[in-house]
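Residue numbers for the sequence shown follow UniProt numbering, so the first one is 1 and each next one is one higher.
Hint data in this document are derived by calculation from the structure and do not stem from the laboratory.
If a hint is listed, it holds; no wrong ones were tucked in.
Computed list of lysine to aspartate or glutamate pairs in DMTMM-like fashion (alpha-carbon distance at most 20 angstroms, straight line):
1. K195 - E231
2. K324 - E36
3. K254 - E278
4. K329 - E54
5. K212 - E63
6. K329 - E36
7. K326 - E29
8. K326 - E303
9. K254 - E92
10. K329 - E303
11. K276 - D301
12. K50 - D301
13. K317 - E36
14. K212 - D288
The following label-pair restraints were derived from C-beta to C-beta distances:
15. P218 - T28: 37 to 47 angstroms
16. A176 - K64: 42 to 52 angstroms
17. S115 - T69: 47 to 57 angstroms
18. G157 - K64: 40 to 50 angstroms
Quick reminder that beta carbons are idealized off the backbone N, C-alpha and C, glycines included.
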Amino acid sequence: MKSRLMFLLLLSMSLQVIASSNNQLNLTEIHTYADEAGFNGAILVTRNEKLIVEAYLGYADSEKTMALTRQHLFSPGSVGKEFTTVGMMQLEAQGLLSYEDKVSKYVKGLPEWASKVTIHQVLNHTSGFPKIKWHSGISTADAISQIASSEGLFTPGSGYQYSNLNVVVRALIIEAIANMPFSAYLQQHIFEPAKITEAYQQLTPQDVSANKAAGDYPTYINGVTVYITPEELLKFEQALTSELLLPFSSLQAKLDGDVLSGQQHRALYDFGSFFKDEKGALLYWQHDGSNPSHHTLKFHDFENEIVIILMSSDGNKSTLYALKEKILKLLAETEI
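Could you put the whole structure together from the sequences, leaning on the hints where they help?
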C-alpha cells in the first residue's frame, strides 16, 4: 500500500509539472490510464520540435525505493538495432562498403553456407542466420560462436528471419572497416553528433551503469546491448530526421522494398514500420523494442510534426501503444 501511494504521489507531481508548462494540454486521461495500468516509465512528447510533455513515473529499482528520473537508462531493445543500421549506411555513403558486398569480405570465421550472405541481407534479415540463443550473461564471444556454428535456415536472400545475429555481424563489419571497436564508432559517429552523452554499450558486467532502470535481461553483446535515457533517444530521433547522421532521403530510400517478411509496412532496413499516403509521402514511422521487462516505443508523425518517446520497465508493451493513442487524441483536440 505504501509503495502504491508513493507511485500515485510521483505520478501526480510529474503530471502537474507537465501541465504547468502548458495549461492547454489536458493530461487527465494520461493520469488515469497510467494509474490504472501501473505504468512505470517515461513519457516525452514534442510538437513542432518543442518539448511539451516530459514525465518520469514510478521507480528505477525493483524494491520501489528510488524514484525514476531523467538520468535513468533503459534498454531500447530492437530500437537499438537502428544504431548498427545507421553505422552501415554511413559507411556506404562514404564509399567504404557496398550493400552487395559479401559479409565474408569483412568477417572471418563464418560457416561455409554464409559465404554468399551480403550486407544487404544482414540489414534486412534475409541472411538465413537463425535466431540468437539467449542465456543470462550472454557475451559477444557467445554470439560469435553461435554464428560460426550456425546452419542457414534458407538460401541467403530467399527467406526472412528476424535475428540479433545479423546485428552482431553488422557491428563486426563496422569494426573491420572503421578499424575501431563498434562502441567507439557508436560514440564518435552517432552519439557525439546527436549530443548524446549518457548512452553506452554494455559489453561486460563491469560496464553496468548505476543509473540503469531495473527489469532488463543481463546481456553483453556487441551491437545489441545498448542503454539510453528517454531524453537521449529523443535526441537520436531528432538527429536521424534532421540530417545530422545521414541525408534523410537515404533513410527514406531504405523503407520500401521488403517482400519476404510478410509484414506490409515493415521497413526494409531496421527502422521499424512506416506508413505513406497515396502520393508516397511519409506520414509516420514507429519502432518498438523489448528486453524483457523494458519496453520502448519511438513514434514520429511527420505530417503533424509530433514525436513520442515512451520507455518503461513494467513489462507491459501494450501500455505504450495505448498511451501513444491517448496522447495523439489529446493533441488532436488541442492547439499548441
